[in-house]
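> Spelled out, the chains give:
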Amino acid sequence: MTAHGVAIHLENCGKTFANGARALEPTTIDIARGETVVFLGPSGCGKTTMLRIIAGLETPDAGGRVRFGDEDVTDTPIERRNVGMVFQSYALFPNMNVAENIGYGLKIRGIGAAERAQRVAELVTLTGIEGLETRSIDQLSGGQRQRVALARAVAIRPRVLLLDEPLTALDALLRERLRSELNSLLRALGITSVYVTHDQAEAMTLGDRIVVMRKGAIAQIGSPRDIYFAPANRYVAEFVGAANVVEAECRDGALILPGGSLPVAHATPGRAVAMVRPESWSIVPATAATLTGRVETVIFVGDRLRVTIAGAADRPLLVDAPNGLAVAPGQTVGLTVPPGAVRLLAGEAA
Amino acid sequence: MVVAFFLLPMARLIVTGASGPSGIAAYAAILVEPRYRATLINTVVLATATTAAALVVSTIAALFLQRHRFPGRSLLIALLTFPLALPGVVIGFLIILLAGRQGLIGDVTAFAFGEKWVFAYSMQGLFLGYLYFSIPRVILTVMAAVEKLDPALEEAARTLGAQPWAVHRDVILPALMPAFIASGAIAFATAMGAFGTAFTLATNVNVLPMLIYTEFTLSANIAMAAALSVGLGLVTWAALALARSAGGTVAAAG
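Note that the protein sequences, when read in sequence, are chains W and G. The number in the numbering used here is simply the position in the first sequence, starting from 1, with 48 added. The number in the numbering used here is simply the position in the second sequence, starting from 1, with 961 added.
Bound conformation, chain W alone (with noise of 0.2 Å):
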């Protein structure tokens, strides 16, 4: 299958709900053919709202428009729309089999048996459900159920594929294999997609861009590694991974902490907040460092120790260790960390 689908953009797409609630402030976004764009917030951040505008399920307030690549579909009914939607509780038909719901979209288009029926083979194979066909959806897995949902979605060939949390009610295992069997599925496909989820793995992983959204907005806009190495603000770094924020005050390039300093790239004399990741700190010889603290407590999680440093800031560091190092608790250990991996989050000292 060869890469289809439309550029999407939204032009101040905003939602007021009817009891006066702002669940979207007015936004505006370009989504580009055959992209993935995954929205990444907690509940209530817009993140839904935006979905449900591009699929016509909900409608902007006055002055947003909608627009699949030239066509302003801003008015067209959601069944014209031509978009695929994978729900989060799967909405499949309980009274037809698996072979009846992914054709189903085909049947409303009027499209012969034969074809019908070469089509949903075809996506069974891609979704990788052979021998189900006939079973009805009560006798399906959540993995499976999901996996009808998707290619029920997909079977009309639409312009535009919505996911609404897809993953969200899978157990964690599966959940993973399947984030990345949905990964291979949506570049194969090549279609315009755009995801919904809480969960930052599966934005990280799916997304060619990643928005990150709060209250109702856009918080930062940007590829995966732009989100995670350079976050526009503190939201988005402790909302991406861990993260260690810290405020201090800034001078002759460090930033001065209660357990010593800590150089800094590009740094502006005053108060500071920065943001440095668990996994670029080292541990080092208290007398190798301009900045040591004390060992609080060593988690083994496997493939790596967590270790918690008090003393150093503010509050307690998070520092990702190898699972081969000796460090014990009450220790005391120096910190280093590579220049550029010290980010410094403007204006949000708080």
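Simulated from the structure, these hints should not be mistaken for laboratory data. One or more of the hints may lead you astray.
[Unchecked claim] Residues on chain W that point at chain G, a partial pick, calculated with CB under 10 Å:
| hint | residue |
| --- | --- |
| 1 | ARG129 |
| 2 | PHE135 |
| 3 | ALA139 |
| 4 | TYR276 |
| 5 | PHE277 |
| 6 | ALA280 |
| 7 | GLU286 |
| 8 | GLY289 |
| 9 | PRO364 |
[What the hints assert, rightly or not] Pulled from the structure, derived: some chain W residues nowhere near chain G, Cβ distances all over 10 Å:
| hint | residue |
| --- | --- |
| 10 | PRO74 |
| 11 | ARG128 |
| 12 | SER137 |
| 13 | LEU140 |
| 14 | LEU218 |
| 15 | CYS298 |
| 16 | PRO317 |
We treat Cβ as the ideally placed atom computed from N, Cα and C, and that holds for glycine.
Go by the hints and put chain G onto chain W.
Frame of chain W, contents of chain G only:
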């Protein structure tokens, strides 16, 4: 004890049905004797029509009530279920007030067309009365089922290209089927055995419960009354059993 409590009267009823002058043939008479057969058919037709109409009206009302929030909505729901509180005699009385010789419809049509419409004492009157007490029984079950429908089902069908009418045909109504079967069976069973309303209205029509009553009290034909009772029970039981095997969970309401 429980078994005896349930089974002894039933066994006695079956035995009594076969103890008349015609013996076991009393049961055959239900189907052979034209008067009995006509009554049986009347009753089944009436109960079926009532059930079908109650399902249609209740489904439309339940879907409307689920989708629209308006002032007075809960009051309307309370009113719709109010007939549950009324015995059949009162409902019969209401129908007479509505479509009887001094009824509202009679007065209005007399004024409008110069002809008084009176149908309270006919099949139509019975149908109206039965519908009146069947709708609340059906609507509560259907409303509960509508409430439990995942709204994403409808949304999914629409994203797949289904127009609203197709969504109803393919998704919503099939999803409500268990509720239709369950509440339909109850409505059918209730309509089959309704006595109070029939007793108040049925001067021109014979329905089974009335026939049983007249055989028993007026003709003192106790064996035939028992046989008819067993017949009535069988038809109703068969309807409930059918509904149960069709996957509906038939509550013991009625």
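> Examine each Cβ of chain G, and state whether all of them lie more than 10 Å from the Cβ of SER137 (chain W).
Non-interface label on SER137 (chain W) violated, nearest chain G Cβ at 5 Å vs cutoff 10 Å.
> If you take the shortest Cβ to Cβ gap from ALA280 (chain W) to chain G, is it below 10 Å?
Cβ of ALA280 (chain W) sits 33 Å from chain G, so the hint is violated.
> A cut-off of 10 Å on Cβ-Cβ distance, and PRO317 (chain W) was said to be off the interface with chain G. Does that hold?
55 Å, holds
> Per the stated criterion, does the least C-beta distance between CYS298 (chain W) and chain G lie above 10 Å, as a non-interface residue requires?
51 Å, holds
> A closest beta-carbon separation below 10 Å is what the hint needs, so does PHE135 (chain W) meet it against chain G?
4 Å, holds
> Does the nearest C-beta of chain G fall within a distance shorter than 10 Å of the C-beta of GLY289 (chain W)?
This hint is violated: GLY289 (chain W) lies away from chain G, its Cβ roughly 31 Å from the closest one there, beyond 10 Å.
> Could you check that no beta carbon of chain G comes within 10 Å of the beta carbon of LEU218 (chain W)?
Consistent with the label, LEU218 (chain W) stays out of reach of chain G, its closest Cβ about 17 Å off (over 10 Å).
> Can you verify the interface hint for PHE277 (chain W): is its Cβ closer than 10 Å to any Cβ in chain G?
Since chain G brings no Cβ nearer than about 36 Å to PHE277 (chain W), farther than 10 Å, the hint is violated.
> Closest CB-CB distance from ARG128 (chain W) to chain G, is it above 10 Å?
7 Å, violated
> Taking the closest pair, is the beta carbon of LEU140 (chain W) still more than 10 Å from chain G?
About 8 Å separates LEU140 (chain W) from the closest Cβ of chain G, which leaves it inside 10 Å; violated.
> Let's test the interface hint: is any C-beta of chain G closer than 10 Å to that of ARG129 (chain W)?
It holds, given that the least Cβ distance between ARG129 (chain W) and chain G is near 8 Å, below 10 Å.
> Can we keep the PRO364 (chain W) interface hint, with Cβ of chain G closer than 10 Å?
43 Å, violated
In summary, the numbered hints that this structure violates are 4, 5, 6, 7, 8, 9, 11, 12 and 13.
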